[in-house]
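Colleague: Work out the full structure: start from the sequences and follow the hints.
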Amino acid sequence: MAFRQKVRQKSSQNSRFSKIKNFIITRSGLIRTKFNNINHNFLQQLPNLKQYLIQQKSSILVIILLVVLCIITIAAIVPGTHIFEGNLIFQEMSFTHDDNQPKLFLGNIKNIKKLETEGKQILTFTGSFQSESLPEINKLNSLEIQLTERESKIIITPANSQTESEINLKELRLQPQTRIARLNYDFYRQQLAFSLLPNSQNNPNPLEIYLGEQPIKVIIEGYKIPSLNLPKSQDDQAQLEFIVNPNNKEFTFNIQENTNIYLTLSKPPKYESEQWFRGKIKTKDVTFTHVDKNGGNLRDDLEISTILEGKIRMAEQDREIKENQFLMGEDTNKPLNIQLIRNLQIISDKKGIEARFSGKTKQIQIGLDQDFPVSSIQGSWLDGVLPRDAIIALFSFGAATVANLLSWLFSNTNSRKP
24 MAFRQKVRQK SSQNSRFSKI KNFIITRSGL IRTKFNNINH NFLQQLPNLK
74 QYLIQQKSSI LVIILLVVLC IITIAAIVPG THIFEGNLIF QEMSFTHDDN
124 QPKLFLGNIK NIKKLETEGK QILTFTGSFQ SESLPEINKL NSLEIQLTER
174 ESKIIITPAN SQTESEINLK ELRLQPQTRI ARLNYDFYRQ QLAFSLLPNS
224 QNNPNPLEIY LGEQPIKVII EGYKIPSLNL PKSQDDQAQL EFIVNPNNKE
274 FTFNIQENTN IYLTLSKPPK YESEQWFRGK IKTKDVTFTH VDKNGGNLRD
324 DLEISTILEG KIRMAEQDRE IKENQFLMGE DTNKPLNIQL IRNLQIISDK
374 KGIEARFSGK TKQIQIGLDQ DFPVSSIQGS WLDGVLPRDA IIALFSFGAA
424 TVANLLSWLF SNTNSRKP
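The numbers in my numbering rise by one with no breaks, and the one at position 15 of the sequence shown is 38.
Hints may be right or wrong, so weigh each one.
Said to hold, decoys possible - Only pairs whose alpha carbons sit at most 25 Å apart, straight line, appear in this in silico PhoX-like list of lysine-lysine: (1) Lys272 to Lys193; (2) Lys240 to Lys272; (3) Lys385 to Lys345; (4) Lys143 to Lys176; (5) Lys307 to Lys334.
In case anyone wonders, no lab produced these hints; they're calculated from the structure.
Modeller: The following block contains the structure:
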């Protein structure tokens, strides 16, 4: 009995293993069949997939090329900041010395017939004095004079007007942020004139004068002489004239207050003026205008261009500047951003002063009316990289290619729709 039971159990186990084996074989066959079908279908669809990927790749390349061409086209249009250079002949200009160091502005002006300044100043002369209007100073060998008002004047000339003047301007140095206003040359009077507007936070601007070996005549107005107890009416109102044979041949005006300076020459300047002005002056707020003031109302002031002629160049573009035209930057209410005056020189034939300059801006505008410029120069981002002709050709090619690529892209997209 026991043997029969064992045989039955073994037989049932073999039957169960046989069913499992048959199930696995059946399922394996089905899986193999499905895999073969999938593999067959994949191989059949592979050419279509490759074609789809190629089409997608073409579209992606077209989009990338389209973006690049759009960037180039925009770069050829959008204004960029560029260096400009130019030269002008003008009658009057103003500028601010924009540097951290003092700069030599004027020097070596010889044979000055009359030197005149207006403004507050403290001066000391040493030597022998002669005066009919104030004989008290005849006994002095040193005289300190205080020019106390903005309108106070001092005039220095040779005592003998028949002799050639030995008065020379050795040099004028500009301290940082000092403004030169209304710089002009009067050809009829043979007079160089300008206003010196110092920055009160900096050192004085030294104006060094060589007085010469001959006696000089000095005229002062609006003064005080601390060493003399003069009546107030005489001290403040009367004009004082005296002759001094100076011991201090070299005389320095330390200009700390706003001062007008007038230099009248003995003869017209020729090539000498090439050595008067020192170039490479860093500047800002440069203007070539004159303000005609009429009363106390600022609205009645008339701004007049002092330009006689000139030429300016930026981004391989040139413009002529005619008489009385204004030169402006991208904002017509602000002066053109001239950063460096390379040279100044008096031009006798043109009756003006020539300035060569350079700077940076996005746009230059020119016109007889500041509100309605008639000519302009504007450079794009690419102007600093490529020649102007190449930019024009590249812009034309890019614009045409962008249109064609967009057309191809839209037509290709529509063809894929079911």
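Colleague: Could you grab the alpha-carbon distance between Lys240 and Lys272 and see if it respects the 25 Å cut-off?
Modeller: Within the cut-off at roughly 14 Å; holds.
Colleague: Given the hint that Lys385 pairs with Lys345, does the C-alpha gap stay at or below 25 Å?
Modeller: holds (22 Å)
Colleague: Checking one constraint from the list: CA of Lys143 to CA of Lys176, max 25 Å. Satisfied?
Modeller: holds (8 Å)
Colleague: Straight-line Cα separation of Lys272 and Lys193 no greater than 25 Å?
Modeller: With a Cα-Cα distance of about 12 Å, the restraint between Lys272 and Lys193 holds, given a limit of 25 Å.
Colleague: For the pair supplied as a hint, Lys307 and Lys334, is the alpha-carbon distance within the 25 Å limit?
Modeller: Satisfied, since the Cα-Cα distance of roughly 20 Å is no more than 25 Å.
Hint compliance for this structure: every hint is met.
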